[in-house]
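Those protein sequences? They're chains Y and C, same order as listed.
Be aware that the first sequence starts at 0, since it is given in numbering that gives the first Met the number 0, and climbs by one per residue.
Be aware that the second sequence starts at 0, since it is given in numbering that gives the first Met the number 0, and climbs by one per residue.
The hints are simulated quantities; they were obtained by calculation from the structure and are not laboratory data.
Here a beta-carbon is modelled for each residue, glycine too, at the ideal position from N, C-alpha and C.
One or more hints might be untrue.
Not the full set, but computed from the structure, chain C residues with beta-carbon under 8 Å of chain Y [what the hints assert, rightly or not]:
1. Ile-23
2. Thr-37
3. Arg-52
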Amino acid sequence: MRNPSVQTKTHGINLAGNAPLEAAKINKTQSVVRRTSFIVLGVYFVVLLGVVGTHFFFLSQERKLIAEGGQLRRDIAGLSSIETLLETVKSRTTVATNILTSSPQAPERLLAEVIRLAPAEASIAEVNTQEGKFVISLNLPDSATVSELFKSIADSQFSSIFLDGLSKTTRGVYTVTLSVQ
Amino acid sequence: MQLNTEIKLPTREALKSNSRHFIIPLLVFLVITVLSVTFGRSSFNNIFATRERMLQFKVENATLSEKRNTLAELDRTILTRQAQVSLLAVPSASSGPAALSAIRTRAFERNINITEVKLSEKQGVQKGARETGIILEFEGGLGAIIDLIDNLKTAAPIVKISKIKMVGAEGLPTLSADLDLLTFWVGLPTNLPAANQPIANLNQKDLELIREMEKLKIGVGQTIEPAPPAGKSDPFTE
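The following block holds chain Y by itself, in its conformation from the complex (with noise of 0.2 Å):
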C-alpha cells in the first residue's frame, strides 16, 4: 500500500531523451560544417581561379617578352653591317695591342740606345740582335775613343751591360764586344 503522507521523490526517465535537443544540435553542426565545407570550396575556388589566373598572367608576359626579343633581334641583324665593322676594328686593335705589348725590349730601340753611346769616331764591326740577346762588336780607332765609350756605358741608364772582349788590331783598331742583357 502506498502512504499517502510520504512523499516519494521519483526519478523518472525521460522516454524521448534528448532526441529532439540533440537532432538539433546535430542539425546546427551539420548546417556550419556543410556551409564551412562550401566557403571552403568556394575560398579554395578563387585561389585556382588565382593561381590559373596568374598562371595566364605569366604566359601573356612572357608572349610579350619573346615578342619584344624577337624585335630586338630583328633591329640588331638591321645594324649589322655597323657590328661587322666593329668586329673588324676591335679584332685588329686586339691584335695590334698584343704586338705592340708582347715585345716590351724591341731589338730595334737597343740597337739605336746602344748606337747612340758609341763615340762618333766608332764604327761597327758586327751587330747581333734578337729578342733577349744583343751583341754588338765596336772599331774604335784609338784608346781615348775607348775610355769615352766606357764612360758613356757608365752614365748611360743602363744596369747590365758586359764586356765580352776587347782587342787591338795590327793596325791600331781597337774593337770592343759587348753584350747587353
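Dock chain C against the given chain Y, drawing on the hints supplied.
Then chain C, alone, in the frame of chain Y:
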C-alpha cells in the same frame, strides 16, 4: 528504487544518418585534393617555370637592348674610317707584299740597296693573327740603316723586328745587314657573334691605338691603279 536503464546501441540506420553529415565535407576535401593534385600543382609548376623563363628573357632582352643601343649609337662614317685605318695596319689578307712594298720604298729613299728578300707565311694563328715572315738582306750606311729600322715603326702594315744582324768591314762606309721581320694579318669576320652576345664599344685604349694607326704611312704600290686601256679602242665611245 529501480532504474530501468537500457543502453541502446546505435543502429545501422543511425550510423548511416550520422555519417551522412560528413559526406559534404568529405566531398569538398576530395574535390580540393583532386584539384590540387591535378590542376593546382601543374599550375603552380607552370607558374614557377614561366617565371624562370621570364627572368631569362628579361636578362636576354636587357642584353639585346644594350647591344641594339650600342650599335645604334655608333657613327657609320667614323667606324668605316676606323675600319679602313685598322685594315691598313693589320690587313685582311697576307700582309707580306704590302709590308715589303713599304720597306722597299723606305730603303730606296735612304739609298739602301736590298740584295735579297725572303717571304714566308707562318702556319697557324699566333696571338689571334696570322704571321708573315720577311727576311731582308741589304747594304747601306749605318745612319741610313738605323733610320730605316727606326722608320719601320711608322710603316703600315705593322711590322715587328725580330732580329737584326749587321756586319761592317773595316774602312768601308757601308754595312751589310740582315733583318728578320714579322708582319701580321687577320681575315675579315665571317660570322658575327650571336645576337644575345654582349658587345662592347671601342674603349679609350682602342681609340688611342687607332689614332696611332692613323699616323702609319702606307708604302707606295699598295693601291694598284688600273692601267689605262691600251691596244684597243674603247667600245663605249664609238
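Hints the structure violates: just list their numbers, smallest first. 2
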